[in-house]
Amino acid sequence: MLLSNTFVLGASAGVFNSGDILFTIAMFAILLFLVKKLAWGPLMGIMKQREEHIANEIESAEQSRTEAKKLLEEQRNLLKEARTEAQTLIENAKKQGDLQREEIITLARTEADRMKESAKLEIEQQKEQAVSAIRDQVASLSVLIASKVIEKELSVEDQEKLINEYIQEGGR
Amino acid sequence: MSHESPMIKIMGLWFNLSNILMITVASIIVLIIAVVCTRNLSMKPTGKQNFMEWVMDFVRNIINSSMDWKTGGRFHVLGVTLIMFIFVSNMLGLPFAIVVDHTLWWKSPTADPVVTLTLAAMVVALSHYYGIKLKGAKEYGRSYFQPVGFIFPLKIIEEFSNTLTLGLRLYGNIYAGEILLSLLAGLATSSFIGVLAAAPLTIVWQGFSVFIGSIQAFIFTLLSMVYISHKVSHDH
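Just so you know, the sequences run in chain order A and B.
Numbered per our numbering, the first sequence spans residues 1 to 172.
Numbered per our numbering, the second sequence spans residues 1 to 236.
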């Protein structure tokens, strides 16, 4: 059944099918054109678009990452600043409190001193007054005694004794 | 196996009508696959689009393995069309052959040497065309004498042998597959025992032919790109 004509490169009936060359080329060219127009072009477009999209996404991700980093740094700095500020505030308040305390204490102390001084002064005055009053009384008393002594006859000893007694009494 | 081919003569040229039919069928199938797979394109590919993108990436890798994408990018659509057309052509002859009145109508178009040699010659011609276009005629001409002058005859022979091997490799593989399939079919129709004997063999051989057909489509595209890259790249 295997005839020789099938082995001659499959060419049948001994005729060279030269027309097929033209048809093959024409058909392939048309196919090439249509595939390029209908399938390859759009698909390539979408693939390129996707490529760009991915590139953009990567870029924007990178950008937002650096931005986030910057913001983080900023926030950290702000926090640090706030902390130092708070520290100084506390420090200041403490210092001021100390100062105020000192002031109040000194004020109170001087006030107390002043009050003590005035009280002393008053006491002194009172004492003076009292002494002068006694002195007056002693004088009148001595006058009284003298009159009494004159009335009564007294010995020198008795007189002296009496005077001393009175003075002692009055000087107390 | 003694099937006739439906030959007709138009304007002094002989046409094999079955070839014409099958080339048309293969082209239409390729076109349908390509068009159906690229409807409703989206940024996030799904199903059919994934398949088509896989094909595109596959061919892109083939091209990238032989030349850089800047020069090779323009051959991408050629490679995609080639690999799909040859693959579909190879597959067409596998499931059945249609014979009407001893005339073989349905077969692989790539089981005809004229068709495969035409494709091969087209690729080689394109390689020369782009070689001159991209490198200039002077450098293109000089490439025949590099690295040494006396290699010139070999380079000329190489061009023809490239064309021949490229076309005949594809033709031989597919034609042999079809012959064996039709022999098995003949065995199956001879007797009942023949059916039992032929059925598993046919299944095995068809599976193998699917493999062969894919490999040949890949090799044809790969070698086409290699030949083209030899012509267009500067360091060869």
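Don't take each hint at face value.
As the list claims (entries may be wrong) - Ranges between beta-carbon positions, derived for each pair:
#1 A:K48 to B:H128: 26 to 34 Å
#2 A:S18 to B:S191: 40 to 48 Å
#3 B:G207 to A:A55: 39 to 47 Å
#4 B:R169 to A:K48: 33 to 41 Å
As the list claims (entries may be wrong) - Okay, the calculated bits of chain B under chain A, using three or more residues with CB under 8 Å as the criterion:
#5 18 to 30
#6 78 to 84
#7 110 to 121
#8 126 to 135
#9 157 to 166
I should point out that these hints are in silico values taken from the structure, not numbers from a laboratory.
Built from N, CA and C at the ideal position, the CB exists for glycine as well.
Against the structure, the hints:
{"no.": "1", "hint": "A:K48 to B:H128: 26 to 34 Å", "verdict": "holds, 30 Å"}
{"no.": "2", "hint": "A:S18 to B:S191: 40 to 48 Å", "verdict": "holds, 42 Å"}
{"no.": "3", "hint": "B:G207 to A:A55: 39 to 47 Å", "verdict": "holds, 43 Å"}
{"no.": "4", "hint": "B:R169 to A:K48: 33 to 41 Å", "verdict": "holds, 35 Å"}
{"no.": "5", "hint": "18 to 30", "verdict": "holds (count 6)"}
{"no.": "6", "hint": "78 to 84", "verdict": "holds (count 4)"}
{"no.": "7", "hint": "110 to 121", "verdict": "holds (count 7)"}
{"no.": "8", "hint": "126 to 135", "verdict": "violated (count 0)"}
{"no.": "9", "hint": "157 to 166", "verdict": "violated (count 0)"}
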